[in-house]
Each structure stands twice: as C-alpha cells, then as structure tokens.
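Residue numbers (my numbering), protein chains in the order written: chain A, 136 to 272; chain B, 136 to 272.
In short, the hints are calculated from the structure, not lab data. Among these hints, one or two may not hold up.
Put simply, identical chains are the same to the list, so a pair is met inside one copy or across any two.
Said to hold, decoys possible - Here are the simulated DSSO-like cross-link-like pairs (lysine-lysine), alpha carbons at most 30 Å apart as the crow flies: (1) K199 with K140; (2) K212 with K140; (3) K202 with K228; (4) K262 with K228; (5) K212 with K249.
Number of protein chains: 2
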Amino acid sequence: MTADKPIEESAEFTPQFNEQGLLPAIAQDAHTGQILMFAWMNRQSLDETIKTGFGTYYSRSRKKLWKKGEQSGHTQKVVQILTDCDQDTILLKVTVDAGQCHVGYHSCFYRALKPDSQNELDFIAQKSYDPAKTYKK
Amino acid sequence: MTADKPIEESAEFTPQFNEQGLLPAIAQDAHTGQILMFAWMNRQSLDETIKTGFGTYYSRSRKKLWKKGEQSGHTQKVVQILTDCDQDTILLKVTVDAGQCHVGYHSCFYRALKPDSQNELDFIAQKSYDPAKTYKK
Chain A
136 MTADKPIEES AEFTPQFNEQ GLLPAIAQDA HTGQILMFAW MNRQSLDETI KTGFGTYYSR
196 SRKKLWKKGE QSGHTQKVVQ ILTDCDQDTI LLKVTVDAGQ CHVGYHSCFY RALKPDSQNE
256 LDFIAQKSYD PAKTYKK
Chain B
136 MTADKPIEES AEFTPQFNEQ GLLPAIAQDA HTGQILMFAW MNRQSLDETI KTGFGTYYSR
196 SRKKLWKKGE QSGHTQKVVQ ILTDCDQDTI LLKVTVDAGQ CHVGYHSCFY RALKPDSQNE
256 LDFIAQKSYD PAKTYKK
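Just chain A, same shape as in the assembly (with noise of 0.2 Å):
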C-alpha cells in the first residue's frame, strides 16, 4: 500500500495474501470471456506467472507449485493480469488451445444448478477431450 492512497486506489500492486500466504485465482479465457478454473497461487506462483506468461498456481494438495498443464500440455498463456479492489483476488485472463479441466472438459464449470432445484445438477457442456488418454497414470 502507498503511503498516501488506500489500496483501491493505488496504482501498486501490493497483493494481499491470506494468513496461509495465498491469493484465490480465476482464470478466464480471454477471447470468449468463459471461467476456466479457479485456483490459489502463492508469492512464488505469481512471481512465476508474471516472469513466464503461463498461469502457475500453488497446489494445496500436492503442497507444491503447479504449472497448468505441466502433465496434460493444457497450458494457460496470460493475456492480462487483474486484481480487484483490495488486491487480495487475481484474475487471470488466458488463451487456451485445450481443455482447461482434469475431468475432460473445457472449463471446470460445466454443470448448474437445475431451475427450480436445490441440488440437482445439469450438464450443460460436453466434454471436450479424453482425460485418460492425456494424463498419463
């Protein structure tokens, strides 16, 4: 934060990590505007993402960072980095040339909420490649 301008104000970016040293992430595809996924980075994983050019995340099961896509070749290539107004969300804006899901889909969101239900879920994508052929076990 600069000394004279609160943080929604100012022009540095000071991000603001939680007390587990991270910052939740939206990644959204930058031509066609759909959210891919939603992650957490850490100091070194937007330190990563800034110096590369492809979204990096940190992995709070593998307890390591993560290059989307160092396993499935489903990279993200940033357009644009954002942050809101207090600086404590990223949100990355990518272009993608696959799938960005582990489950086979394009984006992680591909189910909603049925109309009119409270827990019924409709599908409302089709899966765009083969999670089994791509991630080799």
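Got chain A sorted already, so can you dock chain B onto it with the hints?
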C-alpha cells in the same frame, strides 16, 4: 456425493464447504461475461441465493449474511448457479443494473498489471457511479 459416482461426474449438488464453512463465489455478468466480484458464501447464503434469486454472500469481516446491494441498491439477479468439478467453488451468472464494486466501478477488477512490470497497475476502467452518494455513512 452419490454412492456410485465420484463428485466430478455426479448430478447431485453437494457443495464442499471449507473448514470455515465457506465456499469461494465468483459473480459474472451473464450478458457480457465480465467478472464482477469475488466473495464467499456459507450454507445459509447459498440457500438464500437459491431461494430468493439474488446474489447473497457471507461477509467475513462483518461476520454476517450479506445480500449484495442491500445498502447500495446494486443487487445481482441470478440467472444461473454453476459449480466446478470438485464442487468447492460457486459461479453466479447475474444481471445487474449498476456498478458492483463499492469503490465506484462496474467490476471490482478495474486494475491490471502493466505489461513488463511486477508492481505497477493500470486503471483499465472508469468509475460508473459515485460511492459517496450511494453509500450512506
């Protein structure tokens, strides 16, 4: 989770709240695809969102349910509620009739990292309303 299908393939909505009882929630303009804000939901706010059709969150700072726009009038009418592969994130597609960020912008994501910079932000949007007139002190 259904007994016979993993959560990624299930048509049952079984949101996976984190250890604080919260889910990350992204609000996206249903018409333009613009990301408007990022916030959190607890079980009650998700239920209210489903029941009322208006984006309702949980304010971690105020420790209370928060219907977006309850003070400013800048509500979010829910068009669709999506969840991601592991059902631990919510995406609301919403229609809005006024700026959604408390700072005065349409979206909270009004700044982007300057190309080739690690710490300088560009303001990429204009304010769409005057928060001083909207929020009563």
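Handout entry: 30 Å Cα threshold - placement of K228 relative to K262
Key = Both. Shortest intra-copy (22 Å) and inter-copy (21 Å) distances satisfy the 30 Å Cα cut-off.
Problem - Within, between, both or neither: K199, K140 at alpha-carbon 30 Å - result: The answer is between: 28 Å across copies meets 30 Å, while 35 Å in one copy does not.
Exercise for the section: State whether the alpha carbon distance between K212 and K249 is at most 30 Å within one copy, between copies, both, or neither. Expected result: between (33 Å within a copy, 16 Å between copies)
Handout entry: Intra- versus inter-subunit Cα pairing at 30 Å for K202 with K228
Key = So K202 and K228 pass the 30 Å test inside a copy (15 Å) and across (28 Å) alike.
Problem - Intra- versus inter-copy proximity for K140 and K212 (alpha-carbon distance at most 30 Å) - result: Cα proximity of K212 and K140: none, with 32 Å in one copy and 33 Å across.
Violation of the numbered hints given earlier is confined to hint 2; every other hint is satisfied by the structure.
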